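Visitor: Okay, here's what each chain looks like letter by letter:
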Amino acid sequence: MSPQATPEAPYVAAFEAAEHDGAAHDPAWLRELRRDAMAEFTRAGFPTARRGNEAWKYTDVRPLASTAFAAPAPDDGPGELDLSPYELPCPRVHQLVFVDGRYAPQLSTDPPSEGARSSHVFFERGDGPIVGRLAEAAHYDVPLVHEHLGKHAGAAASAFASLNTAFVRDGAFVSIPDGVSVPEPIYLLFISTGRPEPAAPTVTYPRVLIVAGRDSSATVLLSFESLGDGVYFTDAVTEVVAGPGAKLRCITLQRESTAAYHISTTQVVQARDSAVSSVTIDLGGSLVRHDLSVLLAEPGASVSLNGLYLGTGNRHVDNHTFVDHAVAGASSDEVYKGILDESSRGVFVGHVLVRPGAQHTVAHQVNKNLLLSDEAEADTQPKLEIFADDVTCTHGAAVGALDPAALFYLKSRGIGEAAARALLVHGFVREIVDSIANDAVRQYADEAVTAALGTG
Amino acid sequence: MTSKETVRELAAQPYKYGWTTDVEEETAPPGLSEEIVRWISAKKEEPEWLLEWRLRAFRHFMKLLEDQQNPTWANISHPPIDFQAMSYYAAPKPKLELESLDQVDAEILRTYEKLGIPLQEQKRLAGVAVDAIFDSVSVMTTAKETLAKQGIIFSSVSEAVREHPELVKKYLGSVVPYSDNFYAALNSAVFSDGSFVYIPPGVRCPLEISTYFRINAEGSGQFERTLIIADRGSYVSYLEGCSAPMRDTNQLHAAVVELVTMDDAEIKYATIQNWYPGDADGKGGIYNFVTKRGKCAGRNSKISWTQVETGSAITWKYPSVLLQGDNSVGEFYSVALVNGRQQADTGTKMIHIGKNTSSTIISKGISAGHGNNTYRGLVKILPKATGARNITRCDSLLIGDQCGAHTVPYIEVENPSSSVEHEASTTKVSEEQVFYAQQRGLSADAAQSLIINGFVRDVVKRLPLEFAVEANRLLELNLEGAVG
Amino acid sequence: MLEIHDLHASVNGADILKGIDLRVGAGETHAIMGPNGSGKSTLALVLAGHPAYTVTRGSVTFDGRDLLGLAPEERARAGLFLSFQHPIEIPGLRLDHFLRAGYNEVRKSRDEDEIDVLKFDRLIRAKVKETGMDAALTKRSVNDGFSGGEKKRNELLQMTVLEPKLRILDEVDSGLDVDSLRSVADGINRLATPESATLIVTHYQRILSYVVPDAVHILIDGRIVRSGDKHLAAEIESRGYDWVTEAAQPAPPSVAPTAGQS
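Chains as they are written, first to last, in numbering that gives the first Met the number 0: chain W, 0 to 455; chain A, 0 to 483; chain R, 0 to 261.
Just so you know, these hints were derived from the structure itself, not from any lab.
Careful: at least some of the hints might be erroneous.
What the hints assert, rightly or not - Computed beta-carbon distance windows for the label pairs: (1) A:HIS163 - W:GLU53: 39 to 45 Å; (2) W:ALA450 - R:ARG124: 27 to 33 Å; (3) A:SER32 - W:PRO298: 55 to 61 Å; (4) R:THR53 - W:ASP228: 55 to 61 Å; (5) R:THR53 - A:GLY115: 50 to 56 Å.
Note that this is a predicted model, so its numbers are computed, not measured.
Backbone N, C-alpha and C fix where the C-beta goes; we use that ideal spot for every residue, glycine too.
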């Protein structure tokens, strides 16, 4: 560990250096946003306290805080990359690729694909979606970016979100105009080279802003992949704004290296009659934490939140979700499932808040965990907070081993122990994978999950 | 010494037990100090070890107070408590060694009769032994001789300290150490009285053992300590009830209850808590900050908590079970009702340590008026608890749109052969249900009572019959007029 | 084919089977009848190798092999099939995937090649037709949300696919209306061959009107107290079980060894 006074100090230094460099050309509002976020980060500090720190009760980020992460060196580019393992099984994709936090034009479709507009044409009028670099959109001061960036997952969310905002530079900006339906998936691929020692641990700050206009429709896949097994830190923030009647499906596939820290903050804000489906699949990482918040801001909004986390080795996966029923007549449906093997630990904290006056709310939440080894641990906290009486709210949680009765049923049909267990485990995850509506994305995720589960 | 204009006329809040008893009491001056702790201990003629223990607890509490370690995590709010403003001891004068009823103040006897707990031999409830605790002291323990014939010890804790110091020394603080939490530390320093029960090996206690707590004095807190030990293969069913006068200042009740079961023993512990809840605007009422915990120390032992919580301005209690012995069983059945401005943050902790341990949690929360009701529970399965099982069911019923119902379960599982299931739901008394009953000739209130009775039945049916009736009556009384 | 000798079994320390003797030959259909709690289902589950039951005494040979020494899946691969009284629901596991896994395991154990998805799909379509099941069910999770009748048809489908030597049918008629019962019974009869055998475990005589047994055994309190031909089943139907119990009282153990003559 470096002899810095505080774990936050190196970040302050890096921030000042960055502000001194190229960041000065950015619009004033963006620089102010960064500065405020940095101030907030230094004020809050890493949430390392082990007492009275309810939000981080089950997740100890001290190892992360005490590691000196540096920004990837500018000449650290990967050169040629074989992207074939990450190809989506469909002919047309709007694809943006980032390597170690930097936009990789040679790997992206630019313009992302036929029919879509590239980052250079933010101000042109057209029918297609905008799938472009956040850095350019911010630089050209695109009004939607100015309006939404940092407004939803801003300083208040957590020190990690503030840290991301303080270093916000590159990332993806996705805008679906009113009434536009995008049939092909929008694919945002974040690749970390993950160089092992003696390379220094690096940190990147992926940032995504998705704005879906009135009655628009799209599928966005965020994928986090790693080329090496070194130590690095991904501090991601995603903001999603769903306009009235918008139908948005967001899938996050996290497959970082087994030594990586992955912390993400996602804020979804939904207008009247919008429908958002979120699916989060965790297959990698060493320490993983997601904070996913949904604000159902207007009546008729509905959200479905699904999650799957696989624990092997010493992996620690923590999913915090918060659904805010701020108004009457919105609905939420949440299913998270964990499979925990070896010495892994899965944490689920699902908080549903029904505010005063949010009558006719329908909120369902389920968390199920399979424990496959003596050393694995599952902690779950399905939390309901209700201030309205005419509501239908349920939550459930279960932790246990594979059902012995189901195991016996399979064996009685001639299926051996190992194969029977594999079939039941696949059956357990099916529901989550099947909640991905887009065929290509589902097939891609299914293959990733199957590979991660091993045999079967 | 007696109360003055403390009884408020309250139309909206039909609290039946809000009168005071006119009896001369000896009260310690307000304030908490080492001196007071020594004074209480001396008053009770306690042995040195107990005084030492109290003093350790006192120092620990003062440290916590200084470091502002008072618990803030519960979903409750109240102005800071001034621990120097209240009195830690109040007892009716003269404090006598009571040999017979003749020596009990007639006013106090009348008090218990009025509360429905007559202490006079000929009027006592059949099959129930009662310890009557009035402010800081036990005024009467009935049926002691009957129980003594079977070797059962049933007395006030003060008496047990004198008569059975070895038992008290062994078990006091063995389940809830004084360092356990803020209010447990306070209680350990200043506890005044409480009930002590010991059931010898193989004995099935023939009577319901019960304690009735009455707060009467103004400006004093009540800090009782209950200790129940069920030796190998024994069984006891214990019941506590409580009430207090209506006053417009808050009073603190910070009790500690410890239960221990040896191999094959069982303790059933039931509470009907009806402390004064304060008025409709949240003025007055008892702060009920209680630590209750049982330890299933032996194999195949069982501890079952049943509680009906209808009173108190604030309830903060988590009757818990440490499931240490293999195959031991823990149960928690709870009904918590809040109305007016009442706040309840209650639940349980089931800590599975031994193999094949099992626990059941059924919590029914009813929120009305501006009340806020939180279920908070922990189910923890430790790595060695092979084959552990838990089932939790939390239901909330909301009446009106100004109240809140919250569920905060913590589930921590470290053994793969265990199974933990938690389910929760929230419902309302639907207009259709009420209308249906009305169409059959019932009033809206009667219809609501029926629906509520149904909602809490799984819990209330665990109580002995006469107490179940009382519990239902209390629920009805406390909800009168809640449905428009 | 199946020889049970002095079989004792217990669950959680409680003795359920208290000395069963039974012999079932190839081409035969036997019925085990008995009141609730007599141990019928236990017998079926013990034969299939359910881990909750402990065999405390006795032996079972199946096709000359020691059945009790085999794991549940080995018994299945050897050709023993149990149609469960209460088939379990397995959300998430698709029925056709499950069937293919079982089918291929059985083939592998016979040193036959596994068959691929397409071939299996054709096979399953034919078998589904044969059993009169709704084809859409094969794309759904195993028994998940199936009606009682659908579950029983699913058991029949699996039996049809796996082609076992010994079919043990535990209360196969429960939850079936008359038409379904007839079609399930037809399915069972269709599967009967001179090389295979059927053991029907039932409380009621109903199913035996459709699948006619060669022998009927009455199981009471863990023992076979009476054996006879199909007329014994009819007698139970009209007179109930009490008379057998009473008749059996005087000399219980001596009756058992006579069971299974055929």
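Visitor: Falls inside 27 to 33 Å, the C-beta gap from ALA450 of chain W to ARG124 of chain R?
Guide: 30 Å, holds
Visitor: Does the Cβ distance between THR53 of chain R and ASP228 of chain W fall inside 55 to 61 Å?
Guide: At roughly 48 Å between Cβ atoms, ASP228 of chain W and THR53 of chain R fall outside 55 to 61 Å, so the hint is violated.
Visitor: Is 55 to 61 Å right for how far apart the beta carbons of SER32 of chain A and PRO298 of chain W are?
Guide: 59 Å, holds
Visitor: Look at the Cβ atoms of THR53 of chain R and GLY115 of chain A and judge whether their distance stays inside 50 to 56 Å.
Guide: For GLY115 of chain A against THR53 of chain R, whose Cβ atoms are near 54 Å apart, the range 50 to 56 Å holds.
Visitor: Take the C-beta atom of HIS163 of chain A and the C-beta atom of GLU53 of chain W, compute their distance, and say whether it sits inside 39 to 45 Å.
Guide: At roughly 43 Å between Cβ atoms, GLU53 of chain W and HIS163 of chain A fall inside 39 to 45 Å, so the hint holds.
Consistency note: the structure conflicts with earlier hint 4 alone.
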